[in-house]
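Protein chains in written order, with the working numbering: chain F, 476 to 742; chain C, 476 to 742.
Source of the hints: derived by calculation from the structure; they are not laboratory data. Mixed in with the good hints, there may be bad ones.
Copies of the same chain look alike in the list, so a pair counts if it fits in one copy or across any two.
Claimed, not checked - Only pairs whose alpha carbons sit at most 30 Å apart, straight line, appear in this in silico DSSO-like list of lysine-lysine:
hint	residue 1	residue 2
1	Lys735	Lys717
2	Lys620	Lys499
3	Lys648	Lys536
2 protein chains.
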Amino acid sequence: MGEAAIDGRMMDGRAARLACRHGKVTGTTAGLAPGYVQGNLVILPREDAADFMRFAQANPKPCPIIGVSDVGNPNIPALGADLDIRTDIPGYRVWRDGECVAETGDVCEFWRDDLVSFVIGCSYSFEEALIEDGIEIRHITENRKVPMFRTNIATTPAGKFHGPLVVSMRPLKPADAIRAVQITSRYPAVHGAPVHMGLPAQIGIADVRTPDYGDAVSVHDDELPVFWACGVTPQAALVASKPAFAITHSPGSMLVTDLKNRQYAVI
Amino acid sequence: MGEAAIDGRMMDGRAARLACRHGKVTGTTAGLAPGYVQGNLVILPREDAADFMRFAQANPKPCPIIGVSDVGNPNIPALGADLDIRTDIPGYRVWRDGECVAETGDVCEFWRDDLVSFVIGCSYSFEEALIEDGIEIRHITENRKVPMFRTNIATTPAGKFHGPLVVSMRPLKPADAIRAVQITSRYPAVHGAPVHMGLPAQIGIADVRTPDYGDAVSVHDDELPVFWACGVTPQAALVASKPAFAITHSPGSMLVTDLKNRQYAVI
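Looking at chain F on its own, in the form it has when it is part of the complex:
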């Protein structure tokens, strides 16, 4: 968030989204509009959309779809009355043939009539529940983006899409890690329970202090690194699968919706 110009904690989802649209938020959306669901974004041409939908369905932990647009329509009314997917995220990535070719604050110039937008649940939703339970979230305490890692766990391929599972990591004391499993299990639509904890080398992570996406955070000796499936997984799939064109959010810069996190608790 840019230089504390605005206080995102006082906003509702729509106000936060408008602040992003108008350039008043330029970095991470963490902490913006508490209580409101934020989402990861993948935009693909219609010809790749069906494959991606199958990929998401086959990999529900990293890719829980919470909203899909009509073809060519930049609005997704189910997620926000006036939502414009081309402008409402602080940071986008534009991809060609599996390479990120641009990072930008709006994608109007890249828009096409054949594009379909997929919004995928985000761990910010369950982080709120963890914080309410008194659990410290290190990257929030240290004012960083959550650290994310490519793993050696393959996603289930579908059509042209394949690639490694990407995970986010939060260091927690063991008792908090156990409590975090309980709490996040209530939110299957926003990544749910962790996929791994405690032995990062097992999932191909050599050093929890050097993430592939986001920022490094402190990990203390009395803590276990706890790993959740991450909505950046589709970006690793873009790299591996090389579709001709795609747009995504920039990791950490999410779409703020009008939905409430509590709607996603199953019990």
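Following the hints, put chain C in place on chain F, whose structure we already have.
Quick look at chain C alone, frame taken from chain F:
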């Protein structure tokens, strides 16, 4: 269980209890009467019973009480129609002033009219749910008693009772450990979710291969030791608190009841 003289997997709770009563089961009751609740035992004179009840109430994770007898009555009809607490457990310990002074297969000769029996939930109940989910339980695979450890975590004292939390340990791969948190969270009356995992030194356990009670089991490099609060905790409290007289079960030799494990699932 003695030399496979009987097949405990074919028994109901009552048949298993009678087999124990008649000396046909002499060691662990693990695997006996699948589906039926087994319990830890603490018997105390009436003068200490109220303190112990408060101790259990203050420490519900290690001491979830599932049955209490009337004073001097060796029956507990709520747990089994013909249950006789003096004979129905394969192995007892008799305690005087905090020392175990006898190990025996029945305690009729020690019975007194002022004794109150407390039956406490046992991890065998949730182990069944873990196994049904496809999770390997090492001490069962290796035909041992579950390894148990005194920790550096103090129980909440009540009246004369105090002492360290005792935990049972099961080594699990991280993904299984996460699933085990979910499954055992459904069973709060039989110890519920783990209390710790992955960093045994933090709770005062120097070596997970040298338990204080039960047997050692293999722990592999790709596994986390996962620790649950244990119904042997009252025995550590007897050592620390030194009441004049008590009877307990011998760790691993439990009371088999007529209740079903599934009755204890909260969701």
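Checked hints:
1. Lys735 / Lys717: neither (34 Å within a copy, 54 Å between copies)
2. Lys620 / Lys499: Classified as within; 18 Å inside a copy, 62 Å across copies.
3. Lys648 / Lys536: For Lys648 and Lys536, both the intra-copy (23 Å) and inter-copy (19 Å) Cα distances are at most 30 Å.
Violated hint: 1 only; the structure is consistent with all others.
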